[in-house]
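J.: Sequence:
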Amino acid sequence: MRVWIGCGGYTNDDWTAPGLIYEGVKKDAYLETYSRHFDAVELNSSFYAIPGLKAFEGMARKSGGRTRFAVKLNRAFTHDRAPTDADFDRMLQSPEPLREAGVMGPYLAQFPYSFHRTGDNRKYLLGLAERFAGHELAVELRHASWDKPEVREGMAEYGLIWVSPDYPPVGGMPEPQVHVTTDVGYLRLHGRNKGSWWEGQSASERHDYLYNRAEMDEWAEKIALVADDLSELYVFFENTTQGHALKNIPMLREALNARGVPVQTPEPGEEGEGRLL
Numbered sequence: 001m002r003v004w005i006g007c008g009g010y011t012n013d014d015w016t017a018p019g020l021i022y023e024g025v026k027k028d029a030y031l032e033t034y035s036r037h038f039d040a041v042e043l044n045s046s047f048y049a050i051p052g053l054k055a056f057e058g059m060a061r062k063s064g065g066r067t068r069f070a071v072k073l074n075r076a077f078t079h080d081r082a083p084t085d086a087d088f089d090r091m092l093q094s095p096e097p098l099r100e101a102g103v104m105g106p107y108l109a110q111f112p113y114s115f116h117r118t119g120d121n122r123k124y125l126l127g128l129a130e131r132f133a134g135h136e137l138a139v140e141l142r143h144a145s146w147d148k149p150e151v152r153e154g155m156a157e158y159g160l161i162w163v164s165p166d167y168p169p170v171g172g173m174p175e176p177q178v179h180v181t182t183d184v185g186y187l188r189l190h191g192r193n194k195g196s197w198w199e200g201q202s203a204s205e206r207h208d209y210l211y212n213r214a215e216m217d218e219w220a221e222k223i224a225l226v227a228d229d230l231s232e233l234y235v236f237f238e239n240t241t242q243g244h245a246l247k248n249i250p251m252l253r254e255a256l257n258a259r260g261v262p263v264q265t266p267e268p269g270e271e272g273e274g275r276l277l
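Here the sequence shown is numbered in my numbering, starting from 1 and rising by one per residue.
Each hint should be verified, as a subset may be incorrect.
To be verified - Below are the SDA-like pairs computed for lysine to any residue, each with C-alpha atoms no more than 20 Å apart in a straight line:
1. K62 - E267
2. K247 - N212
3. K62 - S94
4. K123 - S94
5. K62 - K123
6. K148 - G159
7. K222 - V180
8. K62 - T11
9. K123 - G134
10. K222 - P250
As the list claims (entries may be wrong) - For each label pair, taking beta carbons as the anchor points, the in silico distance ranges come out as:
11. P149 - N212: 28 to 36 Å
12. P266 - S145: 24 to 32 Å
13. P149 - G58: 20 to 28 Å
14. E267 - G171: 22 to 30 Å
15. K194 - G134: 38 to 46 Å
16. E157 - H116: 15 to 23 Å
17. G154 - K26: 42 to 50 Å
18. W198 - D14: 20 to 28 Å
19. A258 - A82: 41 to 49 Å
20. W198 - L92: 33 to 41 Å
21. D228 - G134: 22 to 30 Å
22. G127 - P250: 26 to 34 Å
23. G58 - G154: 35 to 43 Å
24. D228 - Q201: 39 to 47 Å
No lab work stands behind these hints: they were computed from the structure. Here a beta-carbon is modelled for each residue, glycine too, at the ideal position from N, C-alpha and C.
Construct all of the structure, not just a fragment, from the sequences and the given hints.
T.: Next comes the structure, spelled out in structure tokens:
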């Protein structure tokens, strides 16, 4: 199993703080710097506006072929749920430079908590699977009504990747387990900030959480149990606030290596040496 580990987004101004990886780095060099430390990234900007070909060409170039990109579907697909044919065309065609560079990971469909398991929503998800056939599509379903074996069996039938989540313990959402529906796994670690998950005014507040070593050991154990069932696993830390993810990723790498799950650690090189910690 090849493990790809990274963060939800790379344009995090929090990381310009003293001792973090963007200290003294200009914004247009964020991705180049990021790619020296992490071999995967979850692209958030596509949720708000689908980048064009030139933007994706720039990403492929700046990352130097070192970083895999999971591309989040635009909100038209998951929140508004009224994508046009033009939306589908742009979403499918624009990332072509990433494919040509060999750094395209799965698409991510991040559905909101309000997307319950109803007949209409099941039909919508099926239609989405059909339109993205031939492409890896990871689906995050935040309402607990989807957290059932029969749902995952259906997803496996259509080649959809179940997104295994770690949410705060607030109830009503899927349990923190690694489930396998294809030979590619996908894990999103949101942090466990119970107090701000519903009340937080921003994603930054909701994801303001630093995992401790025991919690990283817990996830490493769960990952090790499914290692033989997967060819690839993507792990994305969403707790980027204040650089928490930068501290947690080395913990998870160490915990996985200790359990016989090999993790490749990018070599930052002289310019970025020692800055991750």
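J.: Determine for every hint whether it applies to the structure shown.
T.: These are the hints, each one checked on the structure:
no. : hint                    : result
1   : K62 - E267              : 16 Å, holds
2   : K247 - N212             : 10 Å, holds
3   : K62 - S94               : 17 Å, holds
4   : K123 - S94              : 26 Å, violated
5   : K62 - K123              : 39 Å, violated
6   : K148 - G159             : 17 Å, holds
7   : K222 - V180             : 12 Å, holds
8   : K62 - T11               : 13 Å, holds
9   : K123 - G134             : 19 Å, holds
10  : K222 - P250             : 17 Å, holds
11  : P149 - N212: 28 to 36 Å : 31 Å, holds
12  : P266 - S145: 24 to 32 Å : 39 Å, violated
13  : P149 - G58: 20 to 28 Å  : 42 Å, violated
14  : E267 - G171: 22 to 30 Å : 43 Å, violated
15  : K194 - G134: 38 to 46 Å : 40 Å, holds
16  : E157 - H116: 15 to 23 Å : 21 Å, holds
17  : G154 - K26: 42 to 50 Å  : 47 Å, holds
18  : W198 - D14: 20 to 28 Å  : 22 Å, holds
19  : A258 - A82: 41 to 49 Å  : 47 Å, holds
20  : W198 - L92: 33 to 41 Å  : 34 Å, holds
21  : D228 - G134: 22 to 30 Å : 26 Å, holds
22  : G127 - P250: 26 to 34 Å : 41 Å, violated
23  : G58 - G154: 35 to 43 Å  : 38 Å, holds
24  : D228 - Q201: 39 to 47 Å : 43 Å, holds
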